[in-house]
Amino acid sequence: LLEFSDEQLMAYADGALSLTERDAVAAAVAASPELEARLRPFLATGTALAGVFDDVLAMPVPPELVRLVNAGIQPGESQARRAAQHAGNSYGVVGMLRQLFSAGGGVPFGAALASWVAIAMLAGAAGWWGQNSFGGNAGSDALTASLVRRDGGLLLAQGALASLLETRKSGETVPGPAMSKLAATRTFRNSSGLVCREYLVLPQEPIAGVACRQDEGAWRIELHTQVALARKSISTTPSAGVGTEFYEAAMNAMRGSIDMAPGEEADVMKNWATKAP
Amino acid sequence: VQDDVRDQMLKLLPRLRRFAYTLTGDGDRADDLVQDTVVRALQRMDQFQPGTRLDSWMFKIAQNLWFNRMSASALRGPVEPMEAADDVVGSDGRDVTENRLTLAAVSRGIKELPTNQRVLIALVCVEGLSYKEAADVLELPIGTVMSRLARARTALFAALDTRLPLAAPVKGASFA
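Quick mapping for you: the protein sequence lines, in order, are chains A and B. Under the numbering used here, think of the first position of the first sequence as 1, with each following residue one higher. Under the numbering used here, think of the first position of the second sequence as 1001, with each following residue one higher.
These aren't lab readings, by the way, just hints derived from the structure by calculation. All residues carry an ideal CB built from backbone N, CA and C; glycine is no exception. Do not take every clue at face value.
[Unchecked claim] Chain B residues, not near chain A, derived (Cβ > 10 Å throughout): (1) F1048; (2) P1050; (3) G1051; (4) T1052; (5) R1053; (6) N1064; (7) K1111; (8) E1112; (9) P1114; (10) D1136; (11) P1141; (12) T1154; (13) A1158.
[Claimed, not checked] In silico DSS-like cross-links for lysine-lysine, where the CA-CA straight-line distance does not exceed 30 Å: (14) K169/A <-> K1132/B; (15) K1132/B <-> K1011/B; (16) K1111/B <-> K169/A.
[As the list claims (entries may be wrong)] Pulled from the structure, derived: some chain B residues nowhere near chain A, Cβ distances all over 10 Å: (17) A1030; (18) Q1049; (19) T1102.
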């Protein structure tokens, strides 16, 4: 009896084999109940599945989608920028914050934020971890302190965060200090042409931020926000006013371009690796 | 955007929604994903090569967006309630095939698969792309696509079979 792989049986079920191969599989299946049983999952999950989703296909397309396509956005138009903001805000850091805020019952982002006890903005001179001025607890301050260092007036990524931004592709999760998990979630070029990445750090008190890679290879923190869910307080680096739109404003100021595709991101990172400072 | 591409894109919207629905298992999320995909596609129209397939190109954009969102969700931990698949549109249990596969059952089965298998089910089984076309969308070798898809379909079948015993063995494939 000829041996057939699952891949061959699948290709047979999908009609993707050559005539000769097809005949060979058909004969073998007819002769072997065992082979027929192995073929069954592939027959049942072929075109039959498409039919199951026909209901979705038949649903009317929302008019706003049709309008969007008809409007036909050209690169550089203000409409394109608004649309890009919309897209960006659904995902990544802003998306995460929205979800965190609305997790308690779908309260709108703005309203939820306005009801928070404190939104502390850290001025450049005041330390994230220095004065404890924003009511943070020692544990999460220590986590930020291990990931971010001050260099004159700048904040720079260090340790696990610097290594994550420099070497890990978006979506990859790595363990960080104090039982935290770190990941870069997207990569884009800002309007100055610098490569920037959003990152998340998830201990109990989530951190979301953006860092841009400087020419000399350091990762400058543009935004670093820590959310203390239990105390309903947010701490963030300067760069935006306090208000419901502060995050969007900060993100939009930074994002001059659209996300890199995974291939482009990989190329950029390979380039860094070959000429490491 | 050139008129012919715009027309193509309009015609593609229902399939794009079906693709997004297969990935997300949820009508609202699917429409969010489609909207963001369209915006992204319009912005990047200069990167689309006329004469190549618009559907593959847009599926690629959609699945990139979805993967990014899923990895951010994975970091946060499970957020999707298990009963979400019961809310699906058209889950009225009507018979779709002789195998009594329903949208609700299939959606739930697909949701249990790893994300990289889900996207293959959506591309090949639901959208009807060839293995090669799916490999191009995902930028993977075709061998990887085939072995991953075979695993996905075996797992999906097992999940469906447990929950909803498939009535009768499907008789020979239609081309036989």
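Would you assess whether F1048/B, listed as outside the interface, keeps its beta-carbon beyond 10 Å of every beta-carbon in chain A?
12 Å, holds
Far enough from chain A: is every CB of that chain over 10 Å from the CB of K1111/B?
At about 14 Å from chain A, K1111/B clears the 10 Å cut-off, so the statement holds.
Interface-negative label, A1030/B against chain A, beta-carbon threshold 10 Å:
8 Å, violated
Minimum Cβ distance from G1051/B to chain A greater than 10 Å, as the annotation requires:
19 Å, holds
Does the no-contact call for A1158/B survive, Cβ to all of chain A over 10 Å?
A1158/B is in fact no farther than 10 Å from some Cβ atom of chain A, at 7 Å.
Are the Cα positions of K169/A and K1132/B separated by 30 Å at most?
Distance ~25 Å between K169/A and K1132/B Cα, so the pair holds.
Would you say Q1049/B is clear of chain A, with no C-beta pair closer than or equal to 10 Å?
Non-interface label stands for Q1049/B: nearest chain A Cβ at 14 Å, farther than 10 Å.
Quick one, are K1111/B and K169/A close enough, alpha carbons at most 30 Å?
25 Å, holds
Just want to verify: N1064/B was marked as not at the interface with chain A; is every Cβ pair farther apart than 10 Å?
7 Å, violated
Just checking, T1154/B versus chain A, shortest CB gap more than 10 Å?
5 Å, violated
Is the Cβ of T1052/B farther than 10 Å from every Cβ of chain A?
Consistent with the label, T1052/B stays out of reach of chain A, its closest Cβ about 15 Å off (over 10 Å).
Beyond 10 Å from every Cβ of chain A: is that where the Cβ of D1136/B lies?
12 Å, holds
Of the numbered hints given earlier, the model fails hints 6, 12, 13, 17 and 19; all others are met.
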